[in-house]
Each structure stands twice: as C-alpha cells, then as structure tokens.
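**Student:** The lines below spell out each chain.
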Amino acid sequence: MLLSIPEIHTDLLWDLSVLFGSLCILYFSFIFFFRNRLSAKSRNIREQRKELTPIISNFLFHGEDATREEKYEHIGLKVEIREFLKDPINRSILKDILLDLQRDLTGDSRTRLLAMYKDFDLHLDAFDKLKSWRWEIVTKGIVELTQMQVEEAYTAIRKFINHRKSVIRKQAQIAAVSLKHEGIAHFLDTNKYPISEWQQIKILEVLREKEDFIPPSFGVWLLSANKDVVLFALRLIRFYNQTDANSGVIQLLKHKDEEIKQAAIDCIKEFGIIEAMPTLMAAFPRAKRDTRILILDAMGAIGKEEHIPFLREVCRKVSNFNVRSKALGAINTIAPGTVLPHENLDPMIDSDVTPKLIDETENLKAELETVPGAPSEIHETAEEEIEVTEEGIELFSEDLEIFDHCFMEELNEILDSRRKDEEDAGYLPLDFLPIVIEKPTEMDKKKPKKKSRKRLWNLKVAYEVVHPDYEFRKELEDILSRVEVQNPGGETEVEYLNFNFLPFVVEDAPQEDLPRENPAGTDQKEKLTKVTDMEGQQTDAVESAILEEKPGEVSEGDDACSLVDWEELSNSVEKRLTEANIEPPIYQEEENTLVDQPRGHSIFADLFCKSDLDAKLILLREIPALGDHRELTFLESLREDPNARLRKMAIEVRKKLSARLKKEEGEGQNRDSIVKWASSSYQSDLLNFDLKELKK
Amino acid sequence: MKKILLADDDELLASLLNYRLDKAGFKVHWSCDGREVKQELEKEIPDIIVSDIMMPYFSGLELVDYVRNTLNSKVPIIIISSAGNEENVLSAFELGANDFISKPVSPAELLVRVTRELNKA
Numbered sequence: 001m002l003l004s005i006p007e008i009h010t011d012l013l014w015d016l017s018v019l020f021g022s023l024c025i026l027y028f029s030f031i032f033f034f035r036n037r038l039s040a041k042s043r044n045i046r047e048q049r050k051e052l053t054p055i056i057s058n059f060l061f062h063g064e065d066a067t068r069e070e071k072y073e074h075i076g077l078k079v080e081i082r083e084f085l086k087d088p089i090n091r092s093i094l095k096d097i098l099l100d101l102q103r104d105l106t107g108d109s110r111t112r113l114l115a116m117y118k119d120f121d122l123h124l125d126a127f128d129k130l131k132s133w134r135w136e137i138v139t140k141g142i143v144e145l146t147q148m149q150v151e152e153a154y155t156a157i158r159k160f161i162n163h164r165k166s167v168i169r170k171q172a173q174i175a176a177v178s179l180k181h182e183g184i185a186h187f188l189d190t191n192k193y194p195i196s197e198w199q200q201i202k203i204l205e206v207l208r209e210k211e212d213f214i215p216p217s218f219g220v221w222l223l224s225a226n227k228d229v230v231l232f233a234l235r236l237i238r239f240y241n242q243t244d245a246n247s248g249v250i251q252l253l254k255h256k257d258e259e260i261k262q263a264a265i266d267c268i269k270e271f272g273i274i275e276a277m278p279t280l281m282a283a284f285p286r287a288k289r290d291t292r293i294l295i296l297d298a299m300g301a302i303g304k305e306e307h308i309p310f311l312r313e314v315c316r317k318v319s320n321f322n323v324r325s326k327a328l329g330a331i332n333t334i335a336p337g338t339v340l341p342h343e344n345l346d347p348m349i350d351s352d353v354t355p356k357l358i359d360e361t362e363n364l365k366a367e368l369e370t371v372p373g374a375p376s377e378i379h380e381t382a383e384e385e386i387e388v389t390e391e392g393i394e395l396f397s398e399d400l401e402i403f404d405h406c407f408m409e410e411l412n413e414i415l416d417s418r419r420k421d422e423e424d425a426g427y428l429p430l431d432f433l434p435i436v437i438e439k440p441t442e443m444d445k446k447k448p449k450k451k452s453r454k455r456l457w458n459l460k461v462a463y464e465v466v467h468p469d470y471e472f473r474k475e476l477e478d479i480l481s482r483v484e485v486q487n488p489g490g491e492t493e494v495e496y497l498n499f500n501f502l503p504f505v506v507e508d509a510p511q512e513d514l515p516r517e518n519p520a521g522t523d524q525k526e527k528l529t530k531v532t533d534m535e536g537q538q539t540d541a542v543e544s545a546i547l548e549e550k551p552g553e554v555s556e557g558d559d560a561c562s563l564v565d566w567e568e569l570s571n572s573v574e575k576r577l578t579e580a581n582i583e584p585p586i587y588q589e590e591e592n593t594l595v596d597q598p599r600g601h602s603i604f605a606d607l608f609c610k611s612d613l614d615a616k617l618i619l620l621r622e623i624p625a626l627g628d629h630r631e632l633t634f635l636e637s638l639r640e641d642p643n644a645r646l647r648k649m650a651i652e653v654r655k656k657l658s659a660r661l662k663k664e665e666g667e668g669q670n671r672d673s674i675v676k677w678a679s680s681s682y683q684s685d686l687l688n689f690d691l692k693e694l695k696k
Numbered sequence: 001m002k003k004i005l006l007a008d009d010d011e012l013l014a015s016l017l018n019y020r021l022d023k024a025g026f027k028v029h030w031s032c033d034g035r036e037v038k039q040e041l042e043k044e045i046p047d048i049i050v051s052d053i054m055m056p057y058f059s060g061l062e063l064v065d066y067v068r069n070t071l072n073s074k075v076p077i078i079i080i081s082s083a084g085n086e087e088n089v090l091s092a093f094e095l096g097a098n099d100f101i102s103k104p105v106s107p108a109e110l111l112v113r114v115t116r117e118l119n120k121a
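Line order of the protein sequences matches chains Z and U. With UniProt numbering applied, the first sequence corresponds to residues 1 to 696, in that order. With UniProt numbering applied, the second sequence corresponds to residues 1 to 121, in that order.
Warning: the hint list may mix true and false statements.
Using 30 Å as the maximum straight-line C-alpha spacing, the simulated DSS-like pairs for lysine-lysine come out as follows [what the hints assert, rightly or not]:
id : chain 1 : residue 1 : chain 2 : residue 2
1  : U       : Lys74     : Z       : Lys50
2  : Z       : Lys50     : U       : Lys38
3  : U       : Lys38     : U       : Lys74
No wet-lab data here; the hints were simulated from the structure.
Make a model of the complete structure from these sequences and hints.
**Tutor:** What follows is the structure, encoded as structure tokens:
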C-alpha cells in the first residue's frame with residue numbers, strides 16, 4: 001500500500017508563515033522596547049544620583065562655620081530637594097542613595113545622613129510599607145526603618161515581634177532591639193516563638209554595636225517558660241559577665257532540658273562558680289553523656305583536690321570511654337600529673353636513658369670486674385639517673401653484695417620456716433644457688449678504665465642457668481654426702497660432705513661454662529666408703545671407694561662430680577642388680593607430674609609480700625632463671641595484681657618460665673637414664689664401690 | 001594645592017569623599033577603575049594616592065605594587081578596605097602602602113590621615 005502525501009493548500013502555508021513572522025517581530029519589538037525602557041530608566045536614575053550626590057554631600061558636610069553664601073546655598077538646595085522629592089521616583093532614588101551611603105559612612109557623617117532621611121520625611125514611606133498586606137514589603141519597611149534608626153518606628157515595629165511570618169518576626173525582633181535600649185527586655189518578655197541560634201547571634205551583634213547600652217539583669221529571664229528565652233538569657237549573661245545571676249544559673253543544673261543544663265554548665269565553667277560543685281556532682285548521675293562530659297569539663301576547670309575522689313569514682317563506675325577519659329582529664333587538670341598512662345607500656349623502656357649512655361654502660365661492665373651475688377639484670381628500678389664514678393662503682397659493688405646477702409638470708413629464713421611446716425613438700429636449701437659473677441671478657445680486660453657517666457640499670461651480669469630438679473638434687477646429696485672414713489686408729493668416722501659447691505648442671509651443658517669456685521683439692525685424698533640409702537638402711541661393710549688423686553692429675557676444670565664416670569657407674573649398678581636377681585625399681589617420673597600438678601608454696605610469694613614495687617620487679621626477673629613449677633601458680637595469681645606493671649611482667653615471666661621448664665623437661669628425660677638410679681634407696685645399697693677402681 | 005588621586009569604583013562614596021577632600025583644599029582626581037588610575041599615574045604622580053582595594057581591572061594591591069616597583073615612586077598610599085579584610089591590608093603594607101582605613105569610612109578620619117601622610121612626606 002502506497003503512502004499518499006496529504007494535500008496542503010499553498011494559501012494556508014502562506015498564511016501560517018505570515019502569522020509566525022508577525023509573532024516574531026512582535027516578540028522582538030517587545031524585547032527591544034522594554035530593554036530600552038529599562039536602560040533609559042537606569043540611565044535616568046544614574047543621572048539623578050549624580051545630580052543628587054553633590055547635594056547630599058553638601059548637606060552632610062555643611063558646617064556651622066560655613067560662610068553666608070554657603071548657608072544661602074544650603075537653604076536653596078533644601079528647597080530644591082523638597083520640590084524634587086515630590087516625585088515618588090525621585091524620593092525612591094534619594095532614599096536608595098541614603099541607604100547605600102549609610103553602609104559606607106560612619107561617625108558624624110552618618111549621623112547627619114540619618115537626620116537628613118528624617119528631614120525629608122522619607123521614613124513616612126517606610127511606615128506606609130508596614131501597613132502592606134504583602135510580607136516582603138512589610139519586611140522592607142522594617143529593615144529600612146531599622147537601618148535609618150527611626151526610633152519613632154519602635155512602637156509600630158514591636159507589634160511584629162510575634163508575627164506568624166518568621167521573616168517579619170525576625171526582622172521585627174532585630175529592629176526592636178536595635179531601635180531602643182528597652183527593646184531587648186520587651187523582646188525577651190513577649191517572645192513566644194523559638195529563637196534560632198543565628199537569630200541570637202544577630203541580636204547579640206546588634207546589642208554589641210549599640211552605643212551607651214546598659215544591659216538589664218538577664219537573670220530575670222532564666223525563669224522564662226520559653227526554653228529559647230532561657231538559653232538566650234544564659235548566652236547574654238555570659239556575654240555581659242553578669243555574675244549576679246549565679247544562683248539562678250546553678251539552679252538550672254536541675255532543669256529537665258539537657259540543652260539548658262549544658263548552657264548553664266558552660267556559664268558555670270566560664271564564671272568559675274565554685275558554689276555549683278555540689279549541684280554539678282548531684283546532677284551528674286542523671287545527666288546524659290554529653291552533659292556528663294560538660295560537667296566533668298567544668299569540674300576540671302573549677303574543681304579542687306577535694307573533688308578528685310568523685311572524679312575517681314566516675315572513672316571506676318562509668319563505662320563510657322569519653323566520660324572516663326574526661327574524668328581523668330579533669331583530675332589531671334585539677335592536679336597535673338596525677339593520672340599517667342600505665343597500660344601497654346614497655347617496662348624495659350626508660351626514657352631517662354639515652355642510647356649514648358647505654359654504650360657507656362658497656363664500658364662500666366669492664367670496670368666492674370666481679371660483682372658477687374649481683375642479680376642477673378638490673379633495669380629501670382631506679383627512678384633517678386645515677387652517675388657512676390670509680391667511687392660509685394665500689395659503692396655499687398658493696399650495695400650489690402649487701403642486697404645479695406640480704407636476699408639469700410631472706411630466702412633461707414623463709415625456706416627454714418617452710419621446711420618445718422611442710423616437710424612433705426621437701427623444700428630444698430637454696431645453698432646450691434650459684435653466686436653470680438660478672439665475667440669480664442678478654443676485650444673488656446684490655447679496655448682502660450674510664451671515668452664516665454653510667455647507668456646502673458643497664459648493667460648486664462653473667463649468670464648461669466640452674467637446673468630446677470631440686471628433688472633429684474636433694475636425693476643425690478643425701479646419698480653422697482654421708483661418708484664413712486677410717487682414721488689411722490682403725491675407727492670408722494662418719495663425715496658429711498658438703499656438695500653445695502656443685503653447680504646443678506644439665507647434661508649437655510658445656511663444661512667450660514661451669515663455675516669453678518670450689519674445685520676439688522688436688523692433694524686431697526677423698527675416700528668414699530659406705531653410702532647409705534635414703535631410708536637409712538645400713539649396707540654391708542664393704543670397702544668403700546677411695547679416690548686417690550695425685551697432685552696435678554686433676555685438671556683445673558674438674559670437680560668432685562666430674563671425677564665420677566656416671567655412665568660406667570650406672571652400668572656397674574645395673575650389673576650388680578642383675579647378679580643379685582633383683583628387679584630394678586620403676587622410677588616415678590616426678591618431673592613430668594610437677595608440670596601439671598604444682599605443689600608446695602612459692603618461696604617468692606613471701607618475699608613478694610614484704611617487698612616494695614622495685615624489689616618485686618627484681619624478684620620477678622629472678623623467677624625465669626631460678627623458679628620452678630611452684631612459681632607458675634604464684635605468677636598466675638599475680639595476673640590479678642592491682643599494679644599493671646607487675647601484671648604485665650608476671651605474664652612475661654610466666655611465659656619465660658614455662659618455656660624454660662618445658663625445655664628442661666625434654667632434656668631431663670635424656671638425663672634420667674644416667675642419673676635417676678641415684679634417687680632410688682634400693683639402688684643406693686649398691687653404691688659401695690671403689691671409686692678408685694672405677695676410675696681406672 | 002596638594003593633588004590627591006582617589007581610586008574607588010563606588011561612585012557614591014567616591015563622590016562624597018571627593019567633595020570632602022575638595023572642600024578641605026585638596027585637588028582631587030577621581031578614577032573609577034584601575035586602568036584609569038594607571039593612565040593617570042603615567043601622566044602625573046600625585047602627592048598622595050587614596051585607593052580602594054577592590055577595583056575592576058587593577059586592584060588596589062596591584063596599584064601599590066605598580067607604584068612602588070614599576071614607577072619606583074615613594075608617593076604616600078592610603079588603602080581603603082572592607083572591614084575584616086585583614087589579609088589584603090597586610091599584603092598592601094608588605095607591598096609598600098603607608099596607611100589604611102576601613103569601611104564604613106569616616107570622611108573626617110580620612111582627611112586626618114591624608115593630612116598626616118602628606119605632612120610626613
């Protein structure tokens with residue numbers, strides 16, 4: 001199907017073209033006409049302004065000292081202007097000029113300008129605007145009368161203070177405050193609507209610019225039922241520092257509205273009203289978070305030390321971080337430095353020590369050749385820096401000795417008392433604890449002594465690891481210490497050897513690391529004859545082992561323990577057990593059970609009770625090296641210690657101790673194969689051997 | 001008679017100040033924009049310049065810079081600035097302005113400042 005083109009008459013097309021063309025011409029003609037008219041009007045206004053400006057200038061700067069001609073000229077201009085102002089357009093032009101100029105002028109010129117505005121009755125036009133039903137014209141009238149400071153308009157304008165149209169209302173409020181001094185009072189008395197923050201600032205600015213303004217006592221409006229009036233009154237009280245309203249402000253702390261409360265708190269803080277403190281504290285529990293923060297802030301600003309307990313209570317009881325931190329801040333504001341950060345601090349960092357001084361401390365170690373009994377580490381226990389000279393080093397050495405002596409005495413006393421009370425626990429004397437000696441290295445020996453400033457708490461003292469298996473140690477001592485010796489008369493004497501000099505050495509510890517404080521005498525003949533078992537059973541009088549050593553045969557590193565070949569001894573015992581057809585007793589692995597079942601009481605616990613913080617820290621540092629499973633329980637209990645530093649250190653020490661105990665436990669299983677035989681009383685019967693023979 | 005170059009684009013205020021200064025016995029030349037001021041300065045250096053900071057084509061700061069650095073003139077310059085326009089005032093002083101007066105202007109105060117600067121010069 002073919003599309004057919006609609007038939008359009010050519011005449012119709014022409015008619016339409018003519019119509020649209022005419023409309024276009026008409027449209028552009030209108031634009032051109034109105035544009036020219038507006039331009040002509042503005043040009044006319046500009047010309048009028050140019051003509052009027054000198055006249056206005058003449059009016060503004062016409063002085064009493066003017067000459068007669070000038071006065072005649074002035075009067076003539078006045079008449080001329082009055083004629084000129086008969087035209088409403090001209091009145092409007094002059095009014096605009098005056099309104100513009102009053103913004104750019106100040107001082108006497110401005111006063112004259114305002115007077116001129118009234119002289120020419122231009123304000124009457126503004127009064128007429130107030131009667132308009134259109135809100136924008138009313139607003140313009142109010143603004144004009146306010147700018148030109150027409151006081152007569154006050155009564156007419158104040159009626160608009162509670163106008164339902166907010167624009168009119170706001171302009172009327174500003175006008176009322178601006179035109180007369182009593183305007184602010186009237187406004188606060190009669191205002192029924194909310195007063196926005198911006199409006200408050202605008203009114204405050206108007207009041208500030210008012211000359212000779214004597215502010216009324218704004219405390220009166222604290223009783224207003226309008227919340228915004230109360231808030232604005234508080235703002236005005238603060239602005240004019242009206243301290244006579246203090247009691248009213250304090251009373252507002254009990255207000256139900258949080259905003260009013262907060263404004264009152266700000267006021268109290270600014271005025272430093274100390275009388276408000278009880279009310280502030282009383283208001284705190286019922287206040288919301290923001291108000292609480294403001295209360296604490298105010299308390300910090302005006303509070304005294306007697307209010308710190310309350311703030312501490314807040315810190316303890318309030319869970320909100322912001323409130324708590326504000327309370328801490330308030331405490332520190334009242335008493336600076338009262339609360340310091342204490343959590344998550346590295347106890348090893350001492351801000352008093354600089355890296356340079358640490359290097360110097362290394363030198364100090366060279367100077368301190370031996371410090372018997374010194375603790376393994378000395379750290380930040382001292383609060384103040386100590387300058388160390390040679391005299392100081394001597395004193396320090398003495399101090400360390402005294403400290404060590406006291407420490408050992410204290411330990412022994414506790415141990416003795418415990419031993420009586422808890423015999424089952426089988427506590428051991430701590431005589432076996434090694435005396436810690438600072439071992440100077442070869443390099444240190446070569447270094448010359450220097451007089452320098454050193455920090456004592458950075459000293460590092462050499463120490464050795466002591467095996468924790470005290471049970472084994474005790475039993476071994478019991479077996480080996482009792483020795484029967486035949487004197488020249490043939491009588492047998494029982495002697496008890498002291499093995500305290502022996503270090504408690506782990507099997508795989510290198511021999512050269514062992515201390516050599518009491519090496520076996522090379523010229524001494526030791527005779528080990530008969531060894532009794534733990535149960536006191538006397539064995540047969542078998543010739544005991546006599547160890548005879550020629551002078552010089554024993555090397556410098558050998559001690560009494562090293563003279564015994566334990567492996568051979570073990571084999572020998574096993575062989576004899578087999579010959580006697582006796583089943584070797586099954587050894588109870590006490591060590592393993594100790595880890596899981598800590599028993600007894602930690603010796604550090606008692607010392608801990610009697611010590612101050614520094615001593616406690618020292619004791620804690622000793623635990624990883626000296627402690628055993630009993631200390632694990634003790635360290636666990638320290639997790640609840642009130643002192644955060646101790647808590648943290650206890651956790652660290654416990655970790656170290658656990659790691660060490662686990663490590664030694666693993667090593668102990670290997671060592672057991674060699675030495676556990678000695679713990680059996682049954683096997684000790686078989687220890688009647690000739691060590692000399694064994695040595696061969 | 002001392003010559004004052006008044007540079008301000010606000011015709012009304014400029015006219016008023018012009019009238020006041022003229023009445024005080026000064027010969028005032030008013031320019032309403034920066035280009036005009038520049039042309040005027042190229043013709044003749046006045047005894048004192050009173051200039052608004054905000055002007056079309058050539059701001060008051062540029063004018064100070066032009067006078068001090070291009071013309072190498074030590075003619076006193078008083079700057080008129082809006083209230084709160086502290087940065088511009090400081091810049092003007094750094095460039096070499098002698099004094100400033102803020103709006104709203106007191107014509108009497110301006111007259112005193114002009115007289116003082118002329119006396120200094």
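**Student:** For each hint, tell me whether it holds in the structure or not.
**Tutor:** Status of the hints after comparison with the structure:
no.	hint	verdict
1	Lys74/U - Lys50/Z	violated (34 Å)
2	Lys50/Z - Lys38/U	holds (24 Å)
3	Lys38/U - Lys74/U	holds (16 Å)
Checked against the numbered hints above, the structure violates only hint 1.
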